[in-house]
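As given, the protein sequences belong to chains B and Z, one line each in that order.
Reading the first sequence from the start, the letters are residues 1 to 343 in the working numbering.
Reading the second sequence from the start, the letters are residues 1 to 143 in the working numbering.
The reader is advised that the hints may include incorrect statements.
[Stated by the list, open to error] Distance ranges between label pairs, derived from CB positions:
| no. | chain 1 | residue 1 | chain 2 | residue 2 | range |
| --- | --- | --- | --- | --- | --- |
| 1 | Z | 20 | B | 115 | 20 to 30 Å |
| 2 | Z | 67 | B | 285 | 34 to 44 Å |
| 3 | B | 36 | Z | 22 | 19 to 29 Å |
| 4 | Z | 9 | B | 169 | 54 to 64 Å |
| 5 | Z | 129 | B | 40 | 53 to 63 Å |
| 6 | Z | 32 | B | 213 | 25 to 35 Å |
[As the list claims (entries may be wrong)] Computed list of lysine to aspartate or glutamate pairs in EDC-like fashion (alpha-carbon distance at most 20 Å, straight line):
| no. | chain 1 | residue 1 | chain 2 | residue 2 |
| --- | --- | --- | --- | --- |
| 7 | B | 244 | Z | 49 |
| 8 | B | 244 | Z | 108 |
| 9 | Z | 103 | B | 314 |
| 10 | Z | 110 | B | 234 |
| 11 | B | 245 | B | 267 |
| 12 | B | 283 | B | 330 |
| 13 | B | 244 | Z | 75 |
| 14 | B | 245 | Z | 83 |
| 15 | B | 124 | B | 107 |
Hints in this document: simulated from the structure, not taken from any laboratory.
Glycine is no exception: its CB is placed at the ideal position from the N, C-alpha and C atoms.
The primary structure of each chain is shown beneath.
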Amino acid sequence: MPTFAKERSSQKSLNRRTLIGWGGIRFYLPVDWNMTGFSMERGGGYLKIDSPGSMFVQVKWFNTRERRRPFTILEMVRTLTEIMKLSRPPEPSAPDLRAMLDTFLKDTGKQARKAKNSFDSKVKAETIEHRGERTAHHFTWSGAGSGQGKIWYCAECRRVVIAQVVGRGRDNLADVAASMFGSFTDHADGGWNTWALYDLESEVPEGFVLKSQKLMSGYLLLEFERRGERVRIERWGLANVTRKKFTLAEWFRHACRVNNQRVKTIDTRFHEHDAVRAVGRIKGLVSWFRAMRDSLPALRPASQYNGVVWECGETNKILAVQTWCNRRTEGLLEEVAARCVCH
Amino acid sequence: MRLPLTVRLKHSAGRYLPFLKVPPPPDRDAVFKLRPMRNGAIEWKTNDEGQALLTVPHRKDRFGMLMSSMFRLPETRNVQLDDVGTFVWNLCDGNQTVDAIVKQTSREYKLNRREVEISVTTYLQMLSQRNFIAMYQREKTKK
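With the sequences and hints as input, model every part of the structure.
Given below as structure tokens:
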């Protein structure tokens, strides 16, 4: 287990906080807060995390460095020179945060007035935070409930993030906001994006984008893709009930549907638990054709299949990590699985 | 999350036609204070694997009597619960609130509270719809 995973595991047991991670966004909230809403847009995203009571957290972000499709001939030439590394792209200027915040507060005010409530908001002066990386505005509002939040621009990842804690009457917003903003990171850490929700905590290389997800009671699936390469992380709850009549290898073959690969399974130990490791290659002409097509233009098909499944007795869960990668990235499974925290 | 078309149609029709108005969802806190209690007419026993087997009598109203005489239905039918279902069934004794059941299930199966909340409330709702359990709220006693 890498050192940071151990650190995080021990930190979690000490502080009893919930880690939320989604596409580079990462922060801690009090225990028992859970994600209830999310979006998977390309240039941005949205998260909603509910408390067991009436409080909730909303985070919205968008990237300002998304490349615009060239429109004029001059723009096309400039883009071409940038791609050929003959010229450097111009440094983007910081967006007008105050204008964005005003629009946001105006919308919130509209909703409050719709519910026949008065609305009042306060915005603090611009501050420079996080070793000069972030330009931020803190704000509070009261209307249909009350909110404490912050909008900032991160010069490192060129992301604009707006996050707020919303509650009713006597909810202690300040403590939650302090805990959240104190631990907030808005971009990948060392090239790895944290994906953490419910009891699943994992990290995936920055280049992988979320392709599909299934968030069901007792079953979570996150599937990522990068030019044909795939990483699939699954978590089953109720391990003692669901795996009652099967061995781990049987369970793996059945639940992970590895029959469309030429796979060898080996019993092993992983994260101090009994595990099954699977190694193989994709099989069938259609699968090969698909792998070739998805890898274009690099022509490095993700033909290598690797998988590992283990049962964590401490948390009564089964975790599985599967990767489909090319020959250059064969160690991907070990790296991703080592970053998957189970207890 | 986008609601299904039928639900959206119901909602929009309910705006103009009062008899189609969709009732607001029950308050979460109020639901969690309810106490599920097993139907006394249902007999149950546990098998070797610890799973509950419920023996549910058929309806004794006119419609039930008619149907059972027409189709020669047996007096009772059996319903087998799984491990988690049995665990929750055992807790439906009229003393535990929904909140307590959620907490105990979460602790027993080491599941996230949110996950348990969703599945246990859905399960209790299903049991209630089939008249296997009834929900009641204990009134506060005045001193």
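Okay, the hints, checked on the actual structure:
Checked against the hint of 20 to 30 Å, the C-beta distance between residue 20 (chain Z) and residue 115 (chain B) comes to roughly 24 Å, which is consistent with it. Between residue 67 (chain Z) and residue 285 (chain B) the CB atoms are about 57 Å apart, so this pair departs from the stated range of 34 to 44 Å. At about 21 Å, the beta-carbon gap between residue 36 (chain B) and residue 22 (chain Z) stays in the expected band of 19 to 29 Å. Checked against the given bound of 54 to 64 Å, the beta carbons of residue 9 (chain Z) and residue 169 (chain B), roughly 36 Å apart, lie outside it.
The hinted range of 53 to 63 Å is not satisfied by residue 129 (chain Z) and residue 40 (chain B), whose Cβ atoms lie roughly 34 Å apart. A beta carbon spacing of about 28 Å between residue 32 (chain Z) and residue 213 (chain B) agrees with the range 25 to 35 Å that was offered as a hint. Proximity of residue 244 (chain B) to residue 49 (chain Z) is assessed by CA-CA distance (about 11 Å); at most 20 Å being required, the pair is judged to hold. Only pairs whose Cα atoms come within 20 Å are accepted, and residue 244 (chain B) paired with residue 108 (chain Z) is accepted, the gap being roughly 16 Å.
For the suggested pair residue 103 (chain Z) and residue 314 (chain B), the alpha carbons sit about 18 Å apart, so the restraint of at most 20 Å is met. Between residue 110 (chain Z) and residue 234 (chain B) the alpha-carbon distance is near 17 Å, which keeps this suggested pair within the 20 Å criterion. Of the supplied pair hints, the one linking residue 245 (chain B) and residue 267 (chain B) holds, its CA atoms being roughly 18 Å apart against a limit of 20 Å. A hinted pair counts as satisfied when its Cα atoms are at most 20 Å apart, and residue 283 (chain B) with residue 330 (chain B) qualifies at roughly 18 Å.
Under the criterion of a C-alpha separation no larger than 20 Å, the hint pairing residue 244 (chain B) with residue 75 (chain Z) is inconsistent with the structure, at around 34 Å. Between the alpha carbons of residue 245 (chain B) and residue 83 (chain Z) the distance comes to roughly 13 Å, so the proposed pair stays at or under 20 Å and holds. Taking the CA atoms of residue 124 (chain B) and residue 107 (chain B), the gap is about 19 Å. The hint holds against a cut of 20 Å.
Hint compliance for this structure: hints 2, 4, 5, 13 are not met, and every other hint is.
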